[in-house]
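A.B. asks: For the record, the sequence lines run as chains A and B. Residue 1088 is where the first sequence starts when you use the working numbering, and the numbers rise one by one after that. Residue 1088 is where the second sequence starts when you use the working numbering, and the numbers rise one by one after that.
These are calculated hints, taken from the structure and not from any lab test. Nothing here was measured: the structure is a model prediction, and the numbers come from that model. One should not assume that every hint holds.
[Unchecked claim] The following residues of chain B were derived to be distant from chain A, with all beta-carbon distances above 12 Å:
#1 Arg-1099
#2 Pro-1103
#3 Leu-1128
#4 Gln-1134
#5 Val-1137
#6 Asn-1140
#7 Gly-1169
#8 Glu-1216
#9 Glu-1223
[What the hints assert, rightly or not] With a Cα cut of at most 30 Å, we get these calculated DSSO-like pairs of lysine-lysine:
#10 B:Lys-1133 - A:Lys-1149
#11 B:Lys-1149 - A:Lys-1133
#12 A:Lys-1133 - A:Lys-1147
#13 A:Lys-1149 - B:Lys-1149
#14 B:Lys-1133 - B:Lys-1147
#15 A:Lys-1133 - A:Lys-1149
#16 B:Lys-1133 - B:Lys-1149
Glycine residues also receive a C-beta, built at the ideal position from the N, C-alpha and C atoms.
Protein chains: 2
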Amino acid sequence: MNAETPGRRGGRRRDPATDSAIIDAVLDMVAAGATLTGLSLVAIAKQAGVSRNSVYRRWKTKDELYLDVLETINERRPAPTGSDLREDLAVLLRALAERVVDERASSMLRALNAEAAAFPRLHSRYFEEIVAPRREAMNQVLRRGVERGEIRADVDPDLISELLVSPLLARMASGSTDRLDPERTGRQIIALVLDGAAAPRS
Amino acid sequence: MNAETPGRRGGRRRDPATDSAIIDAVLDMVAAGATLTGLSLVAIAKQAGVSRNSVYRRWKTKDELYLDVLETINERRPAPTGSDLREDLAVLLRALAERVVDERASSMLRALNAEAAAFPRLHSRYFEEIVAPRREAMNQVLRRGVERGEIRADVDPDLISELLVSPLLARMASGSTDRLDPERTGRQIIALVLDGAAAPRS
DNA sequence: ACCGAACGCAACAGCTCTGTATCGTTACCG
DNA sequence: CGGTAACGATACAGAGCTGTTGCGTTCGGT
Chain A
1088 MNAETPGRRG GRRRDPATDS AIIDAVLDMV AAGATLTGLS LVAIAKQAGV
1138 SRNSVYRRWK TKDELYLDVL ETINERRPAP TGSDLREDLA VLLRALAERV
1188 VDERASSMLR ALNAEAAAFP RLHSRYFEEI VAPRREAMNQ VLRRGVERGE
1238 IRADVDPDLI SELLVSPLLA RMASGSTDRL DPERTGRQII ALVLDGAAAP
1288 RS
Chain B
1088 MNAETPGRRG GRRRDPATDS AIIDAVLDMV AAGATLTGLS LVAIAKQAGV
1138 SRNSVYRRWK TKDELYLDVL ETINERRPAP TGSDLREDLA VLLRALAERV
1188 VDERASSMLR ALNAEAAAFP RLHSRYFEEI VAPRREAMNQ VLRRGVERGE
1238 IRADVDPDLI SELLVSPLLA RMASGSTDRL DPERTGRQII ALVLDGAAAP
1288 RS
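Build out the structure end to end from the sequences listed, making use of the hints.
C.D. replies: Shown next, in the form of structure tokens:
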């Protein structure tokens, strides 16, 4: 987290607009095809319209900068109401789909996955703070579904969860985010996973 | 393709072992976390145990080199027998899963997806020569399933296809390729997608 | 009003990569 | 044997990034 005020006795305050200009610059450039390791502080400062000095003053390493960038991506996650199974799943998938559609968030996570080896701390943090809680939320909904007898108890819940989420993740990974209606696509996936693709025996 | 022999009137032959040493070096380094744009010819030559000269002699740009690397990845795709729906799907998914498990191939494609903007030719070629034919094969199998009444006709086949393939693609994207049994996982996915996760109405 | 820190600008040495070139050496072909 | 080209090694200039330092200037707080 940005180091912030060390002594803070007096003097000019850091411009918050500079902070976000830098973070935005990173997101924009990554979305434009830049690499996490390849992105240079020179380029970031230039894109942000900020002196190279201002970047160094805030973050000692690119790792720390990217941590704050990741923080920006991490919006509040939705809370399923618990009333209806399909509705709860739809809420979760819709939130995911919106993240997938967001080109900047999507590109950042795609880059992070590709360069996980170069940024181990960043990568594990991504899992702990973003992936894990959402996965847990999905599991809760599914567990409730099993208890109510709406979902088969003889199937691994993790597999069901994976099946629901993967189509969106795969799109995020490939960057083919066009023609994706967050609301509609989520419901289609849910319907198909629950009801199955096999023709009913007549 | 490598430029090869322009006049080929005489002289020492290019060592094929050098070719594969270079390509292997790329695959190994990408699998180790290197980036396509970040990977330098210096590093490649060093890793391959080859003079920098030998690399320049074969490929004028990194783009062309990566094209040949991609070629190496592109193994022959399986041919479904057409006898049994689930069996055909299992054949296709197993081939995909094996590619996903292959750390080098997996890393290379993951890197390519992340850096598609920097290598547009490479990326489109990847789609045309690898993704498209496999997608078409899957569609054929599904169409046959619909004709035979084994698969619901009221669902978009592309969505079914996406649902079958995405779990594996998502794993490739995230690099969580551990504990993945190509044979078993494929069959589990097929069974769940066809039969559905909803509990049968009693 | 004054202090202190943020800010932009510039310079610096050190490093790496690129692309090209020049060597002497080695291997294949007619 | 003689021509030709691959090969390794080395050198070179040009370019970019890094991390640090030193300015003068601007702004916020006490």
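A.B. asks: Of the numbered hints stated previously, which ones are contradicted by the structure, given in increasing order?
C.D. replies: none
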